[in-house]
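All chains, full assembly: derive it from the sequences and hints.
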Amino acid sequence: MGNFIVWVIWLLAAGACLSTGLAVVSLANPFYSALALIGNLVSLATLYLLASAEFVAAAQVLVYAGAVMVMFLFVIAYLGGRADAPWAGGPGWVRGAALVAGGLLLVEVVLALLLDAGDLLSNEAKLTSAFGSPAEIGQLFLTDHLLSFEITSVVLLAAAVGGVVLGMRSSAEDDA
Amino acid sequence: MGPGVGWYLVVSGILFSIGATGVMLRRSPLIVLLSLELMLNSANLAFVAFSRLTGEGTGQIFALSVMAVAAAEVCVGLGLIVAMARRNLALDVDRLSELRG
Chain R
623 MGNFIVWVIW LLAAGACLST GLAVVSLANP FYSALALIGN LVSLATLYLL ASAEFVAAAQ
683 VLVYAGAVMV MFLFVIAYLG GRADAPWAGG PGWVRGAALV AGGLLLVEVV LALLLDAGDL
743 LSNEAKLTSA FGSPAEIGQL FLTDHLLSFE ITSVVLLAAA VGGVVLGMRS SAEDDA
Chain C
25 MGPGVGWYLV VSGILFSIGA TGVMLRRSPL IVLLSLELML NSANLAFVAF SRLTGEGTGQ
85 IFALSVMAVA AAEVCVGLGL IVAMARRNLA LDVDRLSELR G
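The listed protein sequences correspond, in order, to chains R and C.
For any residue, its number in our numbering is found by taking its place in the first sequence, counting from 1, and adding 622.
For any residue, its number in our numbering is found by taking its place in the second sequence, counting from 1, and adding 24.
Some hints here could point you the wrong way.
[Said to hold, decoys possible] Stretch-level coverage of chain R by chain C, calculated; a stretch enters the list once three of its residues show a Cβ under 8 Å from a Cβ in chain C:
1. 624–635
2. 674–685
3. 692–701
4. 710–716
5. 757–769
6. 774–782
Just so you know, the hints here were simulated from the structure itself, not pulled from any lab data.
In this text, a Cβ means the ideal position worked out from N, Cα and C, and glycines have one as well.
Take a look at the structure:
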């Protein structure tokens, strides 16, 4: 019974994830696209929970669906009607080629999975009860992956400085 | 037990293809950024799935690092879009094909 419920929730989350993903790409209005991406992030967080990655799921909802997407919505609201661009551009063959390339990518991924899905993916390791808990993630971050943790802080600082520099009013604009 | 790792990877692969198609097809820089987020998140899903396969937390650490990099990328990307809008440039990636102001 528990198994059945897990499958139902998983299929619902995966379906929501794929349909909101399609909506992000296909909706004309960027505001609706951003809202669809929020739904996509929340359904992905559900998938993370089912893969026993509790901390990543919480971080996904707090940082991504919360902070990052609010920033997106603010910018879209700030731009207003100017955010509307033509749905797709370029000559027709470019659009066709883009669709074909996307389809080929899909075929390639599915083929790669089918070829290897036999043994490699079926031997799942036994999970300890601490797997994916904040304590374990914190331990890993501050011991084995300390360098990546520190570099992340530098990357975020650089992005913040870059955002401020890009947002500054330059004299060229004032002349224009 | 719920669905195996292969199922997660299938969802991840389909989501990546959707995002890549969006990046190639759409013209609004905002939607290109949103499609990029889709691609990053599908990679995150694969990391989390492999982390469960091996029973090690390293994949989840990687997923968290990707999240931080994505936040930085959104910060710079949105800054660029706002700067473009302030200079009254068209928000259309086809018409922004050169770096000269």
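Hint-by-hint comparison with the structure:
Counting residues of the segment 624–635 of chain R whose C-beta lies closer than 8 Å to any C-beta of chain C gives 4; at least three are required, and the coverage claim holds. For the segment 674–685 of chain R, the assignment as covered by chain C holds, since 7 residues bring a beta-carbon within under 8 Å of that chain's beta-carbons and 3 suffice. With 6 residues bearing a CB less than 8 Å from a CB of chain C, the segment 692–701 of chain R meets the requirement of three and the coverage assertion stands. For the segment 710–716 of chain R, the stated coverage by chain C holds: 3 residues have a C-beta nearer than 8 Å to a C-beta of that chain, and at least 3 were required.
Beta-carbon proximity to chain C at under 8 Å applies to 6 residues in the segment 757–769 of chain R; the threshold of 3 is reached and the given coverage holds. For the segment 774–782 of chain R, the stated coverage by chain C holds: 6 residues have a C-beta nearer than 8 Å to a C-beta of that chain, and at least 3 were required.
Of the numbered hints given earlier, the model fails none.
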